[in-house]
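Novice: Please model the complete structure; the sequences and the hints are all you need to start from.
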Amino acid sequence: MAINQKDLGAGLSFLLLALVYGWIAYRDLPFGVMLNMGPGYFPLVLCTILAGIGALLTIRALLAGLRTGLPGRFAWRPVVAICLAVILFGTFLRELGLFASVFCTVLICSLASARMNWLQAGLAALMLAVICTGVFAYGVRLPLPVVGTWFTGLATWTF
Amino acid sequence: MDLLNHLELGFSVAFLPINLAFCLLGAFLGTVIGVLPGIGPLATISMLLPLTFGLPPVTSLIMLSGIYYGAQYGGSTTAILVNLPGEASSTVTMIDGYQMALRGRAGPALAAAGLGSFFAGTVGTLLVAVVATPLTALTLSFGPTEYCALMIIGLVSSIALASGSLVKAIGMICAGLLLGLTGTDIYTNQPRFTFGIVDLLDGLDFVAIAVGVFGISEILRNLENEDLPRTVIGKVTGLWPSRDDLRRMIAPALRGTAIGSLLGVLPGGGALLSSFVSYNLEKKISPNSAEFGKGAIEGVTAPESANNAAAQTSFIPMLSLGLPATPVMALMIGAMTIQGITPGPNVIVDKPDLFWGLIASMWIGNAMLIVLNLPLIGIWVSLLRVPYNILFPAIVTFCCIGVYSVSNSPFGVYLIVIAGLVGYVTSKFECEWAPFFLGFVLGPLFEHQLRRAMLISGGDPTVFLTRPISAVLLAVAVVVLIIVAMPAIAQTRKQVFVEDQA
Chain V
1 MAINQKDLGA GLSFLLLALV YGWIAYRDLP FGVMLNMGPG YFPLVLCTIL
51 AGIGALLTIR ALLAGLRTGL PGRFAWRPVV AICLAVILFG TFLRELGLFA
101 SVFCTVLICS LASARMNWLQ AGLAALMLAV ICTGVFAYGV RLPLPVVGTW
151 FTGLATWTF
Chain L
160 MDLLNHLELG FSVAFLPINL AFCLLGAFLG TVIGVLPGIG PLATISMLLP
210 LTFGLPPVTS LIMLSGIYYG AQYGGSTTAI LVNLPGEASS TVTMIDGYQM
260 ALRGRAGPAL AAAGLGSFFA GTVGTLLVAV VATPLTALTL SFGPTEYCAL
310 MIIGLVSSIA LASGSLVKAI GMICAGLLLG LTGTDIYTNQ PRFTFGIVDL
360 LDGLDFVAIA VGVFGISEIL RNLENEDLPR TVIGKVTGLW PSRDDLRRMI
410 APALRGTAIG SLLGVLPGGG ALLSSFVSYN LEKKISPNSA EFGKGAIEGV
460 TAPESANNAA AQTSFIPMLS LGLPATPVMA LMIGAMTIQG ITPGPNVIVD
510 KPDLFWGLIA SMWIGNAMLI VLNLPLIGIW VSLLRVPYNI LFPAIVTFCC
560 IGVYSVSNSP FGVYLIVIAG LVGYVTSKFE CEWAPFFLGF VLGPLFEHQL
610 RRAMLISGGD PTVFLTRPIS AVLLAVAVVV LIIVAMPAIA QTRKQVFVED
660 QA
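Chains V and L, in that order, give the protein sequences. If you count by the numbering used here, then the first sequence holds residues 1 to 159, one letter each, in order. If you count by the numbering used here, then the second sequence holds residues 160 to 661, one letter each, in order.
In case anyone wonders, no lab produced these hints; they're calculated from the structure. None of the values given here were measured: they were computed from a predicted structure. Misleading hints may appear alongside valid ones.
Interface residues of chain V toward chain L, partial, derived using beta-carbon atoms under 7 angstroms [said to hold, decoys possible]:
1. Met-37
2. Ile-59
3. Thr-91
4. Ala-124
5. Met-127
Cβ coordinates follow ideal geometry from the N, Cα and C atoms, glycine included.
Specialist: Okay, here's the thing in structure tokens:
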């Protein structure tokens, strides 16, 4: 069967968003009247339009006479490595502190590249950790801890 | 003369040593990040936004616009030297710029881009200064109905300016409007679409989404074909263009500036369209049209002038109406709000020093770019030589730090991941994100004005047609929509964007 995958993907994404948000708006938010629009009025109108567009794209894609695949391959390795690195950064910034967080983020991120080389990545991570700490924590004084809560305890215990 | 007094006030503010220093720093940092392939002005500003938090309002806005020009200009450097678009609007510069570089004329190509941009920036800035006061006076009489109509024009023209399928662009706008509504409803205090997450009560974080879509997903796309060889033009010699080159640059620069200035005022990505349009125009009418695609200096000058002029005039709707015409302007508005300034027609009255200082610094910023870029070209070249597998972890890290310091919670950082993934997947479906961001920014504003308009008119939707200004604006929107949808225009439109992209 001939399917235009790009349009199908876009159409289904729009439909999904419209249905989920439309359902939430319908269930939780009062619609109101035109004179005094409730919090659900505008969202529901938008969801209706969006669902229409999604449906149009989906149907058009299913009827299309030309099979068009998606461009490029899906970059699994980069997706996993980069998402992991970013999530870890967000979750453990307070605990690790800026210096260690940047070091770990850069290191994990580097795994995204097939040409990754531990020595090079380690050096880059160290350099970036120094630069970021210097610029963001000491330079522009963002309120980010340089040393995280995990290490402050360690420091008082050692010395 | 009023204008001269205003400009004098502006320059007295902009020439304060602290403002000069931060303008220079902004332009420098903007170029450093903007030179990196795939990182456009929006991602650059999002990343560097936290650097401006500690500064006084005027200085921070001046620095931000410095970053904006730097990023814009850095993109052209990448296009010419590496044949990678640093940002969408320098895609066209790549065609002839890289060819010139291959023929050992990288220097003149860079100089052409720089001089063209500077000229366009000067004209654009003057235009902003001239138009700002009368336009602001006009808009002070605008009520909610007129604002709604104005925003509809904005949304419609962003459909027109999107380069892909029209239906998808409309879909992306609706999705943007919808997601923009996330957070507490200001009329009823009811949380909407927050899924019980406290961080969402204030809405989705614009910076995080922008960084995710334009930073992370771009990196993912680049990593797909890591093995493609990249040739960085190693040496840049003979920077100054010859007398003949200069002569050939004048007319394209003028035409590019005119096109860019006009299209830049339109909401939703005028910079991109204007560079395509001016390139195609030059290709048609230039006496050297045979050289296009093989390193014609006109093919670098025209689009660079156009996109810089557009970058300049896109400030007009933001400064005079408080309406963001592009996602970058939305970030500027965000930055103003953080500094405690409500953007809109009142700024020019309440804070003339800020308003005119910003305008004056636009020109200074452009001048600095020339001073900065041409002599420092060696630095940018060496930056481009850094292997990508060292660059991208650095970009990801800057993104994380930037977003964390804006949102001050892990949630903002998680949002980067979600936005990055969604952006990556939808890029496979050829969905464009510029219309989404316009919708996202205008969503809450539009709903607010719509509800006000309905309250005032007693629930009568015909008020949009009976009030003269709004009727005219809506008529314009309808005309634009019809023109865009006409099959003949749709065909040419497709050509404008696709023809030279290969």
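Novice: Take the hints in turn and mark each one as holding or not.
Specialist: Quick rundown of the hints versus the structure:
no. : hint    : result
1   : Met-37  : holds, 5 angstroms
2   : Ile-59  : violated, 11 angstroms
3   : Thr-91  : holds, 5 angstroms
4   : Ala-124 : holds, 5 angstroms
5   : Met-127 : violated, 9 angstroms
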